[in-house]
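Colleague: Residue numbers (the working numbering), protein chains in the order written: chain G, 1 to 313; chain E, 1 to 117.
Calculated directly from the structure, the hints in this document are not laboratory data.
Note that the structure is a prediction, hence the values are computed from the model and not measured.
A portion of the hints provided could be inaccurate.
Claimed, not checked - List time: in silico BS3-like cross-link candidates among lysine-lysine, alpha-carbon distance up to 27 Å:
id, chain 1, residue 1, chain 2, residue 2
1, G, K5, G, K42
2, E, K92, E, K15
3, E, K15, G, K42
4, E, K75, G, K5
5, G, K51, G, K5
6, E, K92, E, K14
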Amino acid sequence: MPDWKEEVRRRLSRLNLEPAHEAEIVEELAQHLDDVYERSLKAGATEAEAKQAAIRELAGTELMQREMRRSQKAAKEPLVAGGGRTNVLADFLHDLRYALRMQRKNPGFTIIAVVALALGIGANTAIFSVVNTILLQPLPYKDPEQLVMVWEENAKQGYPTDTPTAANYIDWRDQNQLFEGMAAIDVASFNLTGSGEPERLDGRRVSATLFPLLGVDPQFGRVFTAAEDQPGAGHVVLLSYGLWQRRFGGDAGIVGKTLTLNGASYTVVGVMPPRFQFRRQMMKFGSRLLLLKKRLPTATAIILQFWGDSSPA
Amino acid sequence: MPYKLSQMLDRELKKGSAELLILSLVEDQPRHGYDIGNLIEQRSRGRLRFNVASLYPLLYRLERRGWIQGRWVEKAGQRRRRYYRLTAEGRKVLAAQRHSWQEFVEAINRITGIEHA
Numbered sequence: 001m002p003d004w005k006e007e008v009r010r011r012l013s014r015l016n017l018e019p020a021h022e023a024e025i026v027e028e029l030a031q032h033l034d035d036v037y038e039r040s041l042k043a044g045a046t047e048a049e050a051k052q053a054a055i056r057e058l059a060g061t062e063l064m065q066r067e068m069r070r071s072q073k074a075a076k077e078p079l080v081a082g083g084g085r086t087n088v089l090a091d092f093l094h095d096l097r098y099a100l101r102m103q104r105k106n107p108g109f110t111i112i113a114v115v116a117l118a119l120g121i122g123a124n125t126a127i128f129s130v131v132n133t134i135l136l137q138p139l140p141y142k143d144p145e146q147l148v149m150v151w152e153e154n155a156k157q158g159y160p161t162d163t164p165t166a167a168n169y170i171d172w173r174d175q176n177q178l179f180e181g182m183a184a185i186d187v188a189s190f191n192l193t194g195s196g197e198p199e200r201l202d203g204r205r206v207s208a209t210l211f212p213l214l215g216v217d218p219q220f221g222r223v224f225t226a227a228e229d230q231p232g233a234g235h236v237v238l239l240s241y242g243l244w245q246r247r248f249g250g251d252a253g254i255v256g257k258t259l260t261l262n263g264a265s266y267t268v269v270g271v272m273p274p275r276f277q278f279r280r281q282m283m284k285f286g287s288r289l290l291l292l293k294k295r296l297p298t299a300t301a302i303i304l305q306f307w308g309d310s311s312p313a
Numbered sequence: 001m002p003y004k005l006s007q008m009l010d011r012e013l014k015k016g017s018a019e020l021l022i023l024s025l026v027e028d029q030p031r032h033g034y035d036i037g038n039l040i041e042q043r044s045r046g047r048l049r050f051n052v053a054s055l056y057p058l059l060y061r062l063e064r065r066g067w068i069q070g071r072w073v074e075k076a077g078q079r080r081r082r083y084y085r086l087t088a089e090g091r092k093v094l095a096a097q098r099h100s101w102q103e104f105v106e107a108i109n110r111i112t113g114i115e116h117a
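Make the full structure from the sequences, and use the hints.
Modeller: The following block contains the structure:
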C-alpha cells in the first residue's frame, strides 16, 4: 500500500503546523486515503487506478491549507468567549482556571508548591519582623540616638567586646566627663517563693541611674533611688507589667508589698509599663547603651522583666 | 441554465449545506471522517461528494467552533480512528440550521412553484 502519510505531509509542509498537531492530521487523512484505496481495489480497480482515486481525494489542497491555517491560528487565540488580545480580565480568568485544573491534576506538586510558598512567606515575615524591630523602629527611649553601649576591649582573650569589671565601671562613672550619665546592668535569675507556687524568674540587676538615662517612667510606683544603690540599703524590686498581671492578678496595692526572691525579702516599689522592654532593644545592632554585666557590689536595685507578655522571656 | 452556472449553483448549495450535513450525520452517533464522507455520498446517491481536501477542513472548522468534538478511539483489532461527536452547542446549532434550511427550501419552493407542480 502506498505511503499516504508522506503524500499528506508534503502538502501540509508549507503550513508549519506544530509537530504534534500535524502528526494527528497526517494520520487521520492517511487513514482516509487507505480506505479509499482499498475500496477502489475491492471495486475492481487496478493498483494504479486505486492510487489515482486516492490522490484525487487531495485535489484542491489550497482550501485545506487555508482552513488549516485558520485552525492553527484559532488554536493560539484565547479560548474565552469575547476574549481578545486586550481582554486582560478574560485572559486572567482563563489562566486562573487553567492553574486550578493543573493543581487538581497534580496534587503532589501542588502540595510541594504550597508548602514552599508558605515557608517562604513565613520566613520572610519572621525576618522582616526582626529587621523591623531591630533596625527600623527606633529604641523606645528618650533620645535613643544619644545612647551608647560601652564595652571593654579584650581581643587577646578572644573577646573584642568584653564586659567590664565592676571596678572599671565605677572608675568610668566617677571619671566620666563625656556622658550625661552611666548605668550598669547584670543578668540574674531569681526564685520567687512565699506566695503561691515557687517560680524561677529571669531578671536584671541594674543601677539606679538606668531609668533616668532611658527616660522611662514606671506605670505606677517609682523607679530606684540613688540611696537604694548604696551598700546596706534594703532590697527593692520593680515588676514587669506582664509578671504583675500574671502572677499578682494586677493587684493595685502591690507597691509596698514584699516578695521573697532567692530567700531574701524585696520590697516592690513599682510596676513598669506594658510596652517596656530592655533586653530586646539592647540587642539592636550597634546599640548604644552603657552596659556593665558584672554584678556590682553596691547594686541592690533589681528590675524583673517579662517583656511584652505574661510569659517569661 | 448554462452548464457552468449550474455547476456554480451546485457548488454554492453544497457549501451552504455542508455544515448541516455533517452535524446531522454525527447527531445520533460518533463517526470518523471516512464514514461521514461515505454516508454523504451514499445517501445523496452520488449527488454530493466531499473529498479529503474539502471534508476535513470542514470537520476541523466545526470542531474549532465547538460544535463537534473529535477523539481518538482504539477498537480491538482495528487502527485507532478519530471519531467526531456532536457537542451540546452543536446540537443547538443543528436545530437552528435545520429550521433555517427548511424555511429556505420552502421559500424557494413557493417561489419556483415546485410545491404546486
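Colleague: Each hint should be assessed against the structure and marked as holding or not.
Modeller: Going down the list of hints, with the structure as the test:
Restraint check for G:K5 and G:K42: satisfied, since their Cα atoms lie roughly 22 Å apart, inside the 27 Å limit. For a cut-off of 27 Å, the pair hint linking E:K92 to E:K15 stands: about 20 Å separates their Cα positions. Simply put, E:K15 and G:K42 have alpha-carbon atoms about 30 Å apart, too far for the 27 Å limit, and the pair is violated. The straight-line distance between the Cα atoms of E:K75 and G:K5 is roughly 21 Å, inside the 27 Å bound, and the hint therefore holds.
For the hint linking G:K51 to G:K5, the alpha-carbon distance of about 13 Å falls within 27 Å, and the restraint holds. Of the pairs offered as hints, the one joining E:K92 and E:K14 holds, with about 21 Å between alpha carbons and a cut-off of 27 Å not exceeded.
Checked against the numbered hints above, the structure breaks only hint 3 and satisfies the rest.
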